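Engineer: The primary structure of each chain is shown beneath.
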Amino acid sequence: MKQKVGEGLLFFGFAGIASTLVLALLWAPSVSIDAFESPAAQRIFYWHVPAAWAAFIAFGALFVGSAGWLFKRSEVMWRLHTAGAEAGLATGLMTVWSGCVWGAAEWGTPWDWTDVRLNTFGLLTLLAIYLVLGRGSQPDGVETRDTFAAFGLYGFVLVPITYVATRIWSIRHPGPVVGTGDESSINGDMGLVLLLGAISFTVFIIGHIMNSMRVTSLEQRLERLQATMDKVI
Amino acid sequence: MTYLAVAYFGMLVAIALWTYTVVQRSRRLNQRLESLEVAMSDRFEND
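Residue numbers (my numbering), protein chains in the order written: chain B, 1 to 233; chain U, 1 to 47.
Keep in mind that the hints were calculated from the coordinates and are not lab data. Quick caveat: nothing in here was measured; it's all calculated off a predicted structure. Beta carbons: idealized from backbone N, C-alpha and C, even for Gly. Treat the hints with caution; some may be incorrect.
Some, not all, of what chain B presents toward chain U, calculated at C-beta under 7 Å [as the list claims (entries may be wrong)]:
(1) Ser74
(2) Ala90
(3) Arg145
(4) Ile161
(5) Val215
Some chain B residues close to chain U (C-beta under 7 Å, calculated; not the full set) [as the list claims (entries may be wrong)]:
(6) Leu10
(7) Leu21
(8) Val101
(9) Asn211
(10) Arg214
(11) Leu218
(12) Leu222
(13) Leu225
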């Protein structure tokens with residue numbers, strides 16, 4: 001049952017993301033030519049912002065899973081940790097890649113090493129790479145899990161820093177455009193496409209977390225069965 | 001606009017591949033588990 005729900009969420013999330021892209025390219029209104037160096041590239045925003053939102057959900061799952069493993073020694077929480085790391089890596093790379101495409105068109109450079117938000121988000125993605133590759137290369141055990149969970153727990157501090165970075169340090173990354181109440185806040189058709197993107201990415205990432213948790217659970221069951229089989233034979 | 005469409009399409013293909021990999025991995029593991037369980041129950045019955 002859970003498998004069907006997870007796969008269903010993936011399907012609907014993916015269909016929503018594909019619809020968002022079609023609407024972003026063909027239906028969403030254009031921005032003012034005077035406000036941007038590359039107005040067409042602005043449309044990548046309908047992918048970039050929902051992907052970053054999904055990344056924060058994934059890193060939230062990583063944080064909860066890490067804390068749950070460290071403090072409760074819960075197997076379910078360890079599965080949430082591994083699923084959060086994998087989902088954080090995928091959505092982090094999507095966000096960084098789409099941001100680089102936009103930066104190259106708008107700023108003339110894909111990355112700015114002086115911008116706080118870019119660098120803290122980049123570090124978060126690197127953390128997810130470390131956790132995913134590290135888990136794949138290390139034998140499973142309490143010490144290994146503790147090390148990775150500690151990184152997941154303390155690494156989460158980068159999430160609020162990334163969130164407030166453009167509010168405190170206005171360097172290069174644009175500031176918030178949703179719900180600010182001033183004239184830079186987006187609304188109407190643009191807001192609708194962005195909302196569809198945010199909902200689709202949320203559904204999609206929850207589906208992925210559910211599926212990844214199931215995969216980890218199956219891997220653990222398989223290891224236990226094989227160990228039992230080895231003893232019998 | 002073309003490079004934007006290519007970038008968008010590339011990202012869509014990437015997440016489709018990622019999703020396909022996760023779902024296939026889950027189904028493959030399920031099959032391996034089922035066959036292992038059958039093999040084990042057969043062995044215990046024979047013993």
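Engineer: Going by Cβ atoms only, is B:Val101 closer than 7 Å to chain U?
Structural biologist: holds, 5 Å
Engineer: Hint check: is the beta carbon of B:Arg214 less than 7 Å from a beta carbon of chain U?
Structural biologist: holds, 6 Å
Engineer: Interface hint check: B:Leu21, Cβ to nearest Cβ on chain U, cutoff 7 Å. Holds or violated?
Structural biologist: Since chain U brings a Cβ to about 5 Å from B:Leu21, closer than 7 Å, the hint holds.
Engineer: With a cut-off of 7 Å on the beta carbons, see whether B:Val215 makes it to chain U.
Structural biologist: Since the shortest Cβ distance to chain U is 5 Å, the answer is holds.
Engineer: May I ask you to test the interface hint for B:Asn211 with respect to chain U, counting a Cβ-Cβ separation under 7 Å as satisfied?
Structural biologist: Given a least distance of 5 Å, the restraint on B:Asn211 holds.
Engineer: Quick one, is the B:Arg145 hint okay against chain U at 7 Å, beta carbons?
Structural biologist: violated, 20 Å
Engineer: With chain U as the partner, please determine if B:Leu10 meets the hint condition of a C-beta pair closer than 7 Å.
Structural biologist: holds, 5 Å
Engineer: Please verify that hint: B:Leu218, Cβ, nearest Cβ of chain U, below 7 Å or not.
Structural biologist: holds, 4 Å
Engineer: So, B:Leu222 near chain U? Judge it on the closest CB pair being under 7 Å.
Structural biologist: holds, 6 Å
Engineer: Against chain U, run the beta carbon of B:Leu225 and see if the smallest gap drops under 7 Å.
Structural biologist: Holds, because the Cβ-Cβ distance from B:Leu225 to chain U comes to roughly 5 Å (cut-off 7 Å).
Engineer: Holds or violated: is there a CB of chain U closer than 7 Å to the CB of B:Ile161?
Structural biologist: violated, 26 Å
Engineer: Go through the hint on B:Ala90 and say holds or violated, using the shortest Cβ distance to chain U against 7 Å.
Structural biologist: holds, 6 Å
The earlier numbered hints that this structure contradicts are 1, 3 and 4.
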